[in-house]
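Residue numbers (full-length UniProt numbering), protein chains in the order written: chain B, 1 to 428; chain G, 1 to 428; chain L, 1 to 428; chain Y, 1 to 428.
Take the hints with a grain of salt, since some may be wrong.
[Claimed, not checked] Dumping the calculated BS3-like pairs for lysine-lysine here, alpha-carbon to alpha-carbon at most 30 Å:
id: 1; chain 1: Y; residue 1: Lys91; chain 2: G; residue 2: Lys143
id: 2; chain 1: B; residue 1: Lys143; chain 2: L; residue 2: Lys91
id: 3; chain 1: Y; residue 1: Lys91; chain 2: G; residue 2: Lys91
id: 4; chain 1: G; residue 1: Lys143; chain 2: G; residue 2: Lys60
id: 5; chain 1: B; residue 1: Lys91; chain 2: L; residue 2: Lys143
id: 6; chain 1: G; residue 1: Lys91; chain 2: B; residue 2: Lys314
id: 7; chain 1: Y; residue 1: Lys91; chain 2: L; residue 2: Lys314
Hints are computed from structural coordinates only; laboratory data are not their basis. A quick note: this is a predicted structure, and the numbers were derived from the prediction, not measured.
4 protein chains.
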Amino acid sequence: MSTFGEYFRVHTYGESHCRSVGCIVDGCPPGMELTEDDIQPQMTRRRPGQSNITTPRNEKDRVLIQSGTEFGVTLGTPIGMVVLNEDQRPKDYGNSTMDRFPRPSHADWTYLEKYGVKASSGGGRSSARETIGRVAAGAIAEKYLRLAYGVEIVAFVTEVGNVSLFPPTVEHPSASTNPAFLALVDTIDRPTVDSFLPVRCPDAAVSQTMVDLISDFRDRHDSIGGIVTCVVRNLPSGLGEPCFDKLEAKLAHAMMSIPATKGFDLGSGFGGVQIPGSVHNDAFVASDAAATPPAVAASGAARAGVPRPLLTTKTNYSGGIQGGISNGAPVYFRVAFKAPATIGVDQTTATYDGASEGVLAAKGRHDPCVVPRAVPIVEAMAAMVVMDAVLAQQARHTAKSLLPPLRQTLVSERPAGNGVTENTAKAE
Amino acid sequence: MSTFGEYFRVHTYGESHCRSVGCIVDGCPPGMELTEDDIQPQMTRRRPGQSNITTPRNEKDRVLIQSGTEFGVTLGTPIGMVVLNEDQRPKDYGNSTMDRFPRPSHADWTYLEKYGVKASSGGGRSSARETIGRVAAGAIAEKYLRLAYGVEIVAFVTEVGNVSLFPPTVEHPSASTNPAFLALVDTIDRPTVDSFLPVRCPDAAVSQTMVDLISDFRDRHDSIGGIVTCVVRNLPSGLGEPCFDKLEAKLAHAMMSIPATKGFDLGSGFGGVQIPGSVHNDAFVASDAAATPPAVAASGAARAGVPRPLLTTKTNYSGGIQGGISNGAPVYFRVAFKAPATIGVDQTTATYDGASEGVLAAKGRHDPCVVPRAVPIVEAMAAMVVMDAVLAQQARHTAKSLLPPLRQTLVSERPAGNGVTENTAKAE
Amino acid sequence: MSTFGEYFRVHTYGESHCRSVGCIVDGCPPGMELTEDDIQPQMTRRRPGQSNITTPRNEKDRVLIQSGTEFGVTLGTPIGMVVLNEDQRPKDYGNSTMDRFPRPSHADWTYLEKYGVKASSGGGRSSARETIGRVAAGAIAEKYLRLAYGVEIVAFVTEVGNVSLFPPTVEHPSASTNPAFLALVDTIDRPTVDSFLPVRCPDAAVSQTMVDLISDFRDRHDSIGGIVTCVVRNLPSGLGEPCFDKLEAKLAHAMMSIPATKGFDLGSGFGGVQIPGSVHNDAFVASDAAATPPAVAASGAARAGVPRPLLTTKTNYSGGIQGGISNGAPVYFRVAFKAPATIGVDQTTATYDGASEGVLAAKGRHDPCVVPRAVPIVEAMAAMVVMDAVLAQQARHTAKSLLPPLRQTLVSERPAGNGVTENTAKAE
Amino acid sequence: MSTFGEYFRVHTYGESHCRSVGCIVDGCPPGMELTEDDIQPQMTRRRPGQSNITTPRNEKDRVLIQSGTEFGVTLGTPIGMVVLNEDQRPKDYGNSTMDRFPRPSHADWTYLEKYGVKASSGGGRSSARETIGRVAAGAIAEKYLRLAYGVEIVAFVTEVGNVSLFPPTVEHPSASTNPAFLALVDTIDRPTVDSFLPVRCPDAAVSQTMVDLISDFRDRHDSIGGIVTCVVRNLPSGLGEPCFDKLEAKLAHAMMSIPATKGFDLGSGFGGVQIPGSVHNDAFVASDAAATPPAVAASGAARAGVPRPLLTTKTNYSGGIQGGISNGAPVYFRVAFKAPATIGVDQTTATYDGASEGVLAAKGRHDPCVVPRAVPIVEAMAAMVVMDAVLAQQARHTAKSLLPPLRQTLVSERPAGNGVTENTAKAE
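Full structure from sequences and hints, please.
This is the structure in structure tokens:
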């Protein structure tokens, strides 16, 4: 089903050549100021052909809110959003090689296997246009999270082909042990990321190497993959649901649902398997109340007196999640994207019926590396996951807050970390 | 919520010191022979302390089917399963360091942040015992998949610490380009894997190095992580739901919900980002009808005349999934596990209230590396994901098969690949 | 959440004064011919102001399919549908009585209690326009059910105020014991129902009495309620899921979600509580194979050789559902609608803040009885419920059909009633 | 699927002759005192053979909590509950008439049509024992609702056969216009209801007539139906989700999922269709702050300062729900139960294969009227629905409370009715 989320539920529709693509966002809290202007920037960051994000001229992919707001305020009802397709004519059949050959590593063949029919564009719903609805929905989630908790979500490119911002070393098998990486995670913001267009890798030298590498692949009509790293800061503690819906499980689900992804890891990740437990264990330390980030201090949670976690961790190999539940430290993760399947060279492959083999002719233009454009999509999916977890946790906490204090209780000497303040006495 | 799956839905319950752990499996097809004997072997493979799987003496963790079968046959109704806990006494509070210190990188603290109360064992539901219900449910899914389609699911250990069965090289940045790996993926079975106990890495030399490494960590009262690789063979094509529920997204969700996981990748994975599109694209080729695997030939699908896919791919960088949908090639993926948090050395950490810091004393015994025991859990989760996708696709195909033939249609000259045969004519 | 169904999932959006209302239909089988022409007729039947259905001039509420079809054929992907709102201007606040007084028995007040904000139209999402998405989605479900199984869904008016087509009597406390009612249920079709416009009660005399009664209420600027009865014929047996999702439970849910409904009953219903078990029990009898209805004989199920149930019941107090599962007999039920809350007389009521009481002035035009227009909405919701149940059952049956025959089995001497043929031997 | 609810999610399992029946309750708030003693009373009220509820000797159907609590306090994790079956031996086949004849109006035949196999008891999962899990789960929901909001849920019998506590009259076509009924709804409690055992109809004379009627049916080895009326008092306003999950729609779903139900109506119900809108409209009036019910004053919501609704209605034809959302007035509804299908007289019916007809011999004991025992089941299902709606609304309100105040806003001059206090200024 084309639905994501339980409390903040997003439904999308649309393929390449239909009238429009869009989505319905169900579960957005009422009373939030929201217009298309809150959504369009991320839509624009997602668009192809952008050389500089600061001049969004000739803007296409205009989102139109259909419902769920009035006078620029959310009503709490489903928010319908539509983006018109410019080329709505499905292609004719029977006269092109694409009708005879499923394109290698595209979804043409698997869609036909699945549905028995297929869209004129091949794997219709696997089109990159499908991600428009995600970005629109994510922008709404993100606005709420920022207003309510000061949450900041920033993605950026850390690897293109064999060029890596933080290549693994014997000392640092995972970037999570690298102080430079951790400093970046604590401070990076979107303007900085976009200042490194076209690749969105926040390092001048590495960025230039990536540009050169991508150009090289473009010139050879070939393509190459890359890695997007994303950090979520100022997340409340307590998010994520045992056992199956651990926060990292939902993030993995979300990220691996983005077209062309091949891998996900969190915190120390794949490199972290080499780190001994005695190092990898993140010892607790009292959090510094004076160091509340400005975005948090300005949030609704701060206004409502929601307490900040009393503890944080000295290190953050865990990537901000322990036992599937956020601990308040930055959540950071990587998403691997393969090289785009659309390339400019001839490919020998079989016909749909398997009866013969032939050459699928090269197409004209193609995008040699999708990673820079994937940045806002990764951010959007992260926002959707976090939003869903926030609503679930708020429900639980409010529910608990209305219960009578326990006469004898388990260890819980402190107010809970989010949603609502509560106090339970220790057993005597 | 402690629920996984939509069509094959598994609900689990239980923490360390409660009466029992267990699950309800909803959606198992009726008319399948099923007894505890189908489930117990995987339960036993999951147990700690096994030195040799062929002598399951002194067996604990006995699963008891409560409902949903009669005379050894599934009724189609929910299957309740229970495994008793041996130590049902919750611990007293107030007299141990564990009540004052949240253990680093355990779930003690995040559970308290989430719920405001916590189980005597700390992060109660994050206990490894929680995985018992998963393994029991997975065994049922697995039996159906084997009977109906000849599906084979085999997991094995490929990395412990810095010892890797297929370390990345310049030539093979991903194991998916390594012929030795691909050959293994095509043939590995569980008896072979278990013949390499205690580490379950199917290579004598590498296995011994891993044993030595783990012993070394045990001797130092430390722990270390590792990687489990899993292959699913004989999967029907057409499984996986665009856009959010791509097959790899559900697999990622499932795997990252297993305790202690930090990463997931599919096919070429993280290493694959370095492979150019011109190489990474998996060209199609007619499948060899004569080469139907025995397990498939003996399956219900074969008996029912469900056609095999006409095409396969020359290479398999995709890991058997394209556009989120299975293409019939082997699905293989890796799951990274961090070093266990329970270690035998003192740790300096903060108290729950953040007021002071102290030393959390070392505990007695611990498991220095969980990866070997994770093997059946990875298999179980894979089975649950595939089973869910199979039921979804069967529903779609049967629904389509009852529609009248299209007068003019899109390209679909061949019978669909699973569920039900159908024939739709090409438009003239 | 604004979602209905699990396998055939409908998401709707929209309130009175937003840009559009619409829906996404997820789960429609691929390969079905579908255009707006399949949907528009029910949309038109739902519209206000229709004096005769045969001349749908000046048609408004035009549905536009956004996605999910190509060349008039469903792709299996989500079907987006949009109907533009003509009056998109939200009303200004502060200058009308409606801003000060919540209208009695409207949703103005409860929406404000729920959301803390409210749409300019009061209970925005409670507008009758919300039902547009339901009718559009229902038309798709209905087409599939007709093509695949020959299912016929017909609703009609049986009560307006105290005028009843089948008033309860001592002999017939429920219409289900009344031969005239049962004959009607077996034969009624939509053209006949629409020939009794404007009230859609299929009896000339009773219909005229209803018209007179409604006119009387209109003249007094008052309103009145009524009852819609609906029959679903040619339903396959085996639909409905124990325990919570019994077919009648889903029907009740669906019907009671239609605005202004106050009651639902099935089969013998409320009157049936007076009928002794010895009478109410529906004895089984062999079904007459020769009497296959033409719609069924022409269906995809018949083409596919899906067997018809071997048994039927002599009587049908059960209303076609036993133990929550359809038995193949006609499913019939009643839905009670209260008098519309919008009336043309002054009403004394409190202001929003409870501080004062005043008179809410009468509005201009109103619809004195919604029951005739509710007919296509009831049909749409019934189609959605049945479609969902059909897909669930098809999934189960196909799953079962791929299992090996049981060596010893429970009583199941006959091929199953729908989906797929299967044969299981009796135990010896 | 055997799952009910989204936020408070109940999964049940079990049929007549399996090891146990039980359920998993997911979503119960943490920190609530809960032991078997909170659950057993309703289990006992549900049991057959009770002549007097005050002497629960020889108690069977003992519920055992498996997980989710520790030291008598909920942990927030899934609560597993098990009730052992005493007779766990499935019946042999082939030697009884029950193997040849599907019992009329039982689920024997439809279960076989659905699953292709069937339990030895016929429609296994349709057994009355299935309701045990519902009652256990409902007891937990009920305890929370009482503690948090002072919610009171009381069901009682209002009709047996043709004996009615509030028979419809010309003046009172619906009981909701009858002052005696409304007074009862405001005050009835469970001890009073149980003081009218065995029929649980709270009127001495009518109760005696019902007893006589049932005795008469028992003597004739026949059975009879009845109606249970249920009231939910002290419900917060704002519960219920537009459009499909209106509170009455969920209640209808819940009630019609109880075995043997044939109808549901709310507020004025079926009789209400005869009441003109000018009468049926419930005018608003300021609520009497001084008249806060004691149960509400003692609730967690009162302690937390959650404001009570400012308005109530003069009349309550709506049954406490308007536009699908609770308005704070008592919610009351009726559930119709048919005569039990198990009777003590011979029945002529067809064999499973339809080949012959014969006589299904009378069985021994049977329950001539299930309505008195249905009382706690109706209460349980009502509690589950309300609990789910409460958690949904708490999530929304808390989410909203963290948003900044609107600069210009829609009409919402007052604090919201539940969950969290908030204040939004009127637009100038």
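Exercise. Go through the numbered hints given earlier and state which of them the structure violates, listing their numbers in rising order.
Key: 3
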